Amino acid sequence: MRISKSPWLLHYDGSSCNGCDIEVLASTAPRFDVERFGIINTGNPKHADIFLCTGGVNSQNKDVVRQIYDQMPDPKVVLACGICACDGGIFKDCYNILGGTDTVIPVDVYVPGCAVRPEAIIDGVVKALKILDEKAEKMKRGEYRSLTSAEYAEKIASKDGSDGEALQEEKDA
Amino acid sequence: MASKRSVIPFGPQHPVLPEPIHIDLVTEDEKVVEAIPSIGFVHRGLEHLVTKKDFGEMVYVAERICGICSFGHGYGYVNAIEHIMDIHPTDRARYVRTLLFELSRMHSHILWLGLMADAFGFESLFMETWKYREKVLDMLEAATGGRVIFSIIRIGGLRKDVPDDVLKGFLPELDNIVEGIKACEKSFLSDPAVLSRLKGVGYLSKEDAINLSCEGPMLRASGVAHDNRTRGYAAYDDVDFEIITSDEGDSYGRCYVRIQEIYQSADIIRQCIEKMPQEGIYVPIKGFPNGEYMTIIEQPRGGACYYVHASGKKFIERMRVRTPTFANIPALAKTLQGCDVADVPILVVTIDPCISCTER
Amino acid sequence: MLENLEEIELVGLLNKIKEIKTDGWLVMQICATKIGENYELLYTFGKDYDVKHVKITVEPGVHVPSVTDIFPAAFLYENEIHDLFGIEVDGINHDYKGGLYRTATPAPFA
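Chains as they are written, first to last, in the numbering used here: chain A, 2 to 174; chain B, 2 to 361; chain C, 196 to 305.
The set of hints was computed from the structure by calculation and includes no laboratory data.
Be careful, since some hints might not be right.
Stated by the list, open to error - No more than 27 Å apart at the CA atoms, straight line, and that leaves these computed lysine-lysine pairs for DSSO-like: (1) C:K229 / B:K335; (2) B:K314 / B:K276; (3) C:K242 / B:K207; (4) C:K229 / C:K247; (5) B:K53 / C:K229.
The structure presented is a predicted model; accordingly, all values stated were derived computationally and were not measured.
One chain only, chain A, in its complex shape (with noise of 0.2 Å):
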């Protein structure tokens, strides 16, 4: 039994401005209606195999999104959703954002789009399956772990001599 047949979803708004939250929820509603693919909206991480994030990442909350990735069992994906969620989008350049969902934890889709459209977000939740379906056969064979968001603060860290944020701030500048 394949771990894409009924994966669960956790949706977490960073610092949107509500286009991808309301987009992500129409998904859910009648017209597009994720859940034909098995998919259970969850508030609980404990719970989800994929994690959708939109919006940016600001100082508040990228422990909020460390924690819910942490919680998050294995295997699992990170789907970022919306431009702002891939990169920081239009407020890249606000004092109160750091950037994308990448500065914090690892992201294996990018869904672009501002805002995402819906038919957008089924594609890229499909792509997070055969994702998710290849993260588990590994781990089936003992050969995968994901990272947990520690690790991949030092991940970036050594690529760069720096910390994370720092990274991103040489990335904008």
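Fit chains B and C to the supplied structure of chain A, relying on the hints for placement.
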């Protein structure tokens, strides 16, 4: 037995909205005695982008204050700049703007109805209302190309025209939507189970609504006939509409006002399509804005103020937006006093909060 | 170009606002703008569909009195001015003490 006070934190992640808001509820047993709202989770600081984006690009930033009332935010900023630069958009641009404004209001109010149904646990009603919201979004998409963020407005007019045959095609769609909402209205306004969750919940007297500087449907549901559309911006001078009020002052009254406003918006759109003038959509602009102005418009959630201070340079000095939710938060804190803990989700939804607007 | 604008001195602020309240006006918004080194505070009031503005100019470091004794619902605006511009507002009825927006950089507009 003396009851003990305890504090229940509500949010930032909570079941009623996808957006984070935090309220500390001071409770005595099941009753809330005080509510202290705190915001700041989605603060981006976009007003500060005036130093990095020029006054033309700021239109797109203004639209992204909020994904629900996006068109209104773009309009408010553009209107302030047009006043400062003394630009008069063409009649067709004014009418199309009004039409898009009302479509946004319809989609926002239907969205609210769905969230409200979800808050009182009527899942199928939530799905039903959102079905009609998709029809409104289809019309917005046909007109502008976008579902949520349109970017069709620009200083001096519009970026593209909406062809007449597309506009004509809206008329049967509007009838469908109104018919659908009429069917949902029965559940919202006469179902006994729903009434027990709405009637008398979150009562706000007329005096309180005025003194707390409430805005929009919150104010009108408490019996105050105040609608900024009567100021006559865009083409609101040329269409007929009456301010909808209710004397109930509770969640039922707010529900009633919003449902009636959906029909009213459909009516204004029909009038716009009927009277749509034929001429260009764009007036070229020259130079940079110099001066200050404040535009006040009626967003779906209430009055919003757009203050622009420019000094004749490419970059303006200040853009400041006072959004309706910001003005309604003191009223939320007031209505939460004395309510049951179980009614808190309904009361939070009842002001139609838009947190990304509030914090910008 | 603001209609109905009155520019006054900081010392006369509270008296002016009391007068406005007695005339039946309600607070619509309060905001700050940085012009050069100084800050302009714009108080906007509404009565039905009429709007009235009061503007004061303050230098950096000057404390501004709170108007929340007169208009209790104005506390959010004053906290916002404190958090974004670093202007000290004395005597707010609900003082968040810099905790309204909790920005990473204090007073980003200053």
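So, going through the hints one by one against the coordinates:
no.	hint	in the structure
1	C:K229 / B:K335	violated (33 Å)
2	B:K314 / B:K276	violated (38 Å)
3	C:K242 / B:K207	holds (15 Å)
4	C:K229 / C:K247	holds (21 Å)
5	B:K53 / C:K229	holds (16 Å)
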